[in-house]
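Letter by letter, the sequence shown follows residues 0 to 457 in numbering that gives the first Met the number 0.
If you're looking for bench data, these hints aren't it; they were derived computationally from the structure.
As the structure is a prediction and not an experimental result, all values here were calculated from the model.
Please note that a few of the clues may not be correct.
Only pairs whose alpha carbons sit at most 25 angstroms apart, straight line, appear in this in silico SDA-like list of lysine to any residue [to be verified]:
#1 428 - 156
#2 284 - 348
#3 159 - 336
#4 283 - 336
#5 433 - 358
#6 41 - 62
#7 353 - 301
#8 27 - 308
#9 283 - 262
#10 454 - 435
#11 336 - 347
#12 59 - 46
Pairwise CB distance ranges (calculated) [stated by the list, open to error]:
#13 304 - 95: 37 to 47 angstroms
#14 284 - 95: 53 to 63 angstroms
#15 438 - 392: 22 to 32 angstroms
#16 392 - 126: 47 to 57 angstroms
#17 154 - 412: 26 to 36 angstroms
#18 281 - 375: 48 to 58 angstroms
#19 304 - 55: 39 to 49 angstroms
#20 435 - 301: 41 to 51 angstroms
#21 217 - 340: 18 to 28 angstroms
#22 30 - 447: 38 to 48 angstroms
#23 224 - 157: 49 to 59 angstroms
Here a beta-carbon is modelled for each residue, glycine too, at the ideal position from N, C-alpha and C.
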Amino acid sequence: MKLWGGRFTKETDQLVQNFNESLSFDQKFYRQDIRGSIAHVKMLAKQGIISEKDRDDIIKGLEGIRQDLDEGTLIIPAGSGYEDIHSFVEGTLTERIGEAGKRLHTGRSRNDQVALDMKLYTRDEIDELDGLVKKLLEELLVIMEANTETFMPGFTHLQKAQPITLAHHMGAYFEMFSRDRSRLADIRRRMNYCPLGSGALAGTTYPLDRSYTAELLEFAGPTLNSMDSVSDRDYLIELLSALSVISMHLSRFCEEIIIWNTNEYRFVEIDDSYSTGSSIMPQKKNPDIAELIRGKSGRVYGALMSMLTTMKGIPLAYNKDMQEDKELTFDAIDTVKGCLALFTGMISSMTFRKDVMEASAKRGFTNATDAADYLVNHGVPFRDAHGIVGQLVLLCIEKGIALDDLSLEEYKEISPVFEEDIYEAISMKTCVEKRMTIGAPGPEAMKQVIAVYKKQLQ
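Can you make the complete structure from the sequences, with help from the hints?
Below, the structure written as structure tokens:
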């Protein structure tokens, strides 16, 4: 049941066995372990290191183990005595096919084997994460296309600032999650080199064809330093960093949805299927999913800090500390995948209160800058225009009305420059439509940007 032990005269203490084992969690990548082993024996046979018959028997046995594990007819039992998934697969293989199974490990070490398995698993998970982020972007694009003329306040310091559209606001998050996809793609490209054949740390005397193994496993090529190959976990640190940024973006978005869902804002109505109630207050409808997604960012950050701390003092090459890379990485990946799926479902079922958003933009004096620009276009210096509009805002606050609701006489009392066309100049529609530079919220500018986003997703 062990892949070692010839030089030992005592059995491992049970507490040590329990503390040392990783099968309870690294069984998660049994498919990747078997895939790597199949590629390895194909290469061994190609190089004449094992016979073709042994190759065929080993591959048939490994494929049978994988199928049985997939179907649940083979169970990895708790307390089986196996240290890890590698010893379980090799032990089960030898039980099934006999002597040939003992040749599987020729020319490799668990060090390069686990490095390979973790890379294969991470690569597969990056592809799944990318697909989930893409689905979220597609949903954002649906909302954007439908809301290029849905007016709402834009904020700075959480204070209403200038009028924008819901499409423009969603576009900011489209940019964030697009960068997240780019980071995932960078990590995948940088990590996509095969460590198998590096041995424990110094390669092997067998005439391996590492390029062939890398090709079989769809890597760009073999790694070029065997010591780094078995001790590199940079790609996991990079992935956990990228997952932390995704979590931060989700958390920011959730924070806004939570605020928008309050009775004070009422910008959105979260669907019942993504809300919960109170055990004591029957009127409550709580945004618990958004709050949980916001909260889970701390869990993902913790995984990143844990991984950095684990790696910071490790000398070359492999050390058992590195076993700590798995549980926290598995958890962070599963957490972010769950958050992405739930968040996408939540926003796709959410109702946007367009009338409330537009009324909020008006009441928040978001068109004050446009009123000042109106004066500037009629010859008033900007600094004077700024002061005049400030007086108008003060008057509106005293009366409890918006700039749009002041009479022309009230405008003229503060500045005779104002004419009837001020109302058109400060309407939400005009304020937004005049902002036509690329990246601004004007409908025509937004349509250009949406076309770019569509092309990106294709």
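Going through the hints against the structure:
Proximity of residue 428 to residue 156 is assessed by CA-CA distance (about 24 angstroms); at most 25 angstroms being required, the pair is judged to hold. With a C-alpha separation of about 15 angstroms, the suggested pairing of residue 284 with residue 348 holds against the 25 angstroms cut-off. For the proposed pair residue 159 and residue 336, the alpha carbon gap of about 33 angstroms is over 25 angstroms, so the pair is violated. As the CA atoms of residue 283 and residue 336 are separated by approximately 29 angstroms, the hinted pair breaks the 25 angstroms bound.
With a C-alpha separation of about 19 angstroms, the suggested pairing of residue 433 with residue 358 holds against the 25 angstroms cut-off. Distance check on the hinted pair: residue 41 and residue 62 sit about 13 angstroms apart at the alpha-carbon level, within 25 angstroms; holds. Taking the CA atoms of residue 353 and residue 301, the gap is about 38 angstroms. The hint is violated against a cut of 25 angstroms. About 24 angstroms separates the Cα atoms of residue 27 and residue 308, which keeps this hinted pair within 25 angstroms; it holds.
A hinted pair counts as satisfied when its Cα atoms are at most 25 angstroms apart, and residue 283 with residue 262 qualifies at roughly 11 angstroms. In summary, the hint linking residue 454 to residue 435 is supported, as the alpha carbons are separated by about 21 angstroms, within the 25 angstroms threshold. For a cut-off of 25 angstroms, the pair hint linking residue 336 to residue 347 stands: about 17 angstroms separates their Cα positions. For a cut-off of 25 angstroms, the pair hint linking residue 59 to residue 46 stands: about 19 angstroms separates their Cα positions.
The hinted window of 37 to 47 angstroms between residue 304 and residue 95 holds, with their beta carbons roughly 43 angstroms apart. The beta-carbon spacing between residue 284 and residue 95, approximately 56 angstroms, falls within the hinted interval of 53 to 63 angstroms. Look at residue 438 against residue 392: about 27 angstroms separates their beta carbons, and that is inside 22 to 32 angstroms. The hint said 47 to 57 angstroms for the Cβ distance between residue 392 and residue 126, and at roughly 52 angstroms that hint holds.
Look at residue 154 against residue 412: about 31 angstroms separates their beta carbons, and that is inside 26 to 36 angstroms. Between residue 281 and residue 375 the CB atoms are about 54 angstroms apart, so this pair conforms to the stated range of 48 to 58 angstroms. Taking the beta carbon of each, residue 304 and residue 55 are about 47 angstroms apart, inside 39 to 49 angstroms as hinted. Taken as a hint, the range 41 to 51 angstroms holds for the pair residue 435 and residue 301, whose Cβ atoms sit roughly 45 angstroms apart.
Distance hint check for residue 217 and residue 340: the Cβ-Cβ separation is about 26 angstroms, which falls inside the suggested range of 18 to 28 angstroms. Look at residue 30 against residue 447: about 44 angstroms separates their beta carbons, and that is inside 38 to 48 angstroms. Taking the beta carbon of each, residue 224 and residue 157 are about 50 angstroms apart, inside 49 to 59 angstroms as hinted.
Taken one by one, the earlier hints fail for this structure at numbers 3, 4, 7, listed in ascending order.
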